[in-house]
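Go ahead and model the full structure; you've got the sequences and the hints to work with.
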Amino acid sequence: MFNQFAFAAIWKKNRIWNKHMMWNIVVCLNVVHLVAFWGTVGLVRWMYYPNTSLDMRCVKQVLVNQLLHAPFIPLAVSDKPWTTYSGWHVLWQVPVIYVLSDVIFFTLHRLAHTRWLYRHVHRIHHEFESPVPESSLYAHPAEHLLVNAATVGIPLRLVRADPILMGCWIAGASMNVVVTHATQTGNHMHTLHHQKRTVNYGITTYWMDTLFGTVDTYVENKFKDC
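Using our numbering, the first residue of the sequence shown is number 1, and each one after it goes up by one.
Quick caveat, the hints were computed from the structure, so don't treat them as lab data.
Quantities reported herein were computed from a predicted structural model and do not represent experimental measurements.
We put the beta carbon where it would ideally sit given N, CA and C, even for glycine.
Keep in mind that the hints are not guaranteed to be accurate.
To be verified - Each pair of labels, with its calculated beta carbon distance range:
#1 V99 / G213: 15 to 25 Å
#2 T217 / M21: 42 to 52 Å
#3 L75 / N51: 33 to 43 Å
#4 W116 / M47: 37 to 47 Å
#5 L75 / T217: 29 to 39 Å
#6 P74 / R123: 27 to 37 Å
#7 M56 / F212: 34 to 44 Å
#8 W23 / K60: 39 to 49 Å
#9 T217 / M22: 23 to 33 Å
#10 S130 / G39: 16 to 26 Å
#11 L75 / P95: 14 to 24 Å
#12 N24 / N51: 16 to 26 Å
Structure, rendered in structure tokens:
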């Protein structure tokens with residue numbers, strides 16, 4: 001909270017919004033994502049996958065996707081964040097971002113499972129029936145931009161989040177997607193989605209799946225020891 005108030009004070013003192021400031025923020029946010037994502041991949045692999053190596057096919061595609069989404073980060077940055085007026089706005093922004101993220105991801109993800117989109121786009125992500133950490137952002141570039149990046153960027157823009165909140169949320173989302181796809185951590189909800197393809201479309205708490213009757217917690221034996 002102190003950082004939020006400090007940011008508000010700095011923002012009020014320097015009201016000139018220019019391209020230099022924008023690109024500084026964009027570069028920082030991209031670095032935050034890369035460090036959080038690949039740092040978590042390395043940590044999870046060290047803890048749960050000590051005897052296996054990185055899937056370089058995944059690594060190459062993920063790096064391509066991360067390069068492609070970088071120029072679109074400015075679309076998520078607001079030049080008039082709410083915390084300019086009061087740092088307390090973060091108290092409503094966080095839950096709203098969370099709800100919007102789950103609604104957007106669930107909707108777009110379920111749409112990606114329609115016949116044509118699955119066959120031509122989303123099928124790539126489902127090549128892994130038992131996902132590994134680096135496969136979390138292994139996807140068709142169009143899916144990465146329109147589903148993965150949009151799920152993070154749209155809510156941040158809608159609530160006019162400041163760069164500090166954006167950085168924290170991007171870091172958390174980057175770490176969460178890796179853990180969610182790491183089958184050996186015991187997080188089998190999304191692994192079930194990769195197996196059955198008609199359940200668990202949401203994020204983390206799967207409240208949207210509960211609402212629409214697509215949640216499934218049953219774990220088959222092959223996932224218990226994978």
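Each hint, compared with the structure:
Distance hint check: the CB atoms of V99 and G213 are about 19 Å apart, consistent with the given range 15 to 25 Å. Between T217 and M21 the C-beta distance comes to about 46 Å, which sits within the given range of 42 to 52 Å. A hinted range of 33 to 43 Å for the beta carbons of L75 and N51 is consistent with their spacing of about 41 Å. One distance hint, 37 to 47 Å for the beta-carbon pair W116 and M47, holds here, with the actual separation near 39 Å.
Restraint check, L75 to T217: a C-beta distance of roughly 36 Å satisfies the suggested window 29 to 39 Å. Here the CB-CB span from P74 to R123 is close to 31 Å, well matched to the stated 27 to 37 Å. At roughly 37 Å, the beta-carbon separation of M56 and F212 lies within the given 34 to 44 Å, and the hint holds. In this structure the hint that W23 and K60 lie 39 to 49 Å apart at CB is violated, the actual value being about 27 Å.
In this structure, T217 and M22 break the distance hint of 23 to 33 Å, their C-beta atoms being roughly 44 Å apart. As the Cβ distance of S130 to G39 is approximately 23 Å, the hint placing it in 16 to 26 Å holds. In this structure, L75 and P95 meet the distance hint of 14 to 24 Å, their C-beta atoms being roughly 23 Å apart. Taken as a hint, the range 16 to 26 Å is violated for the pair N24 and N51, whose Cβ atoms sit roughly 42 Å apart.
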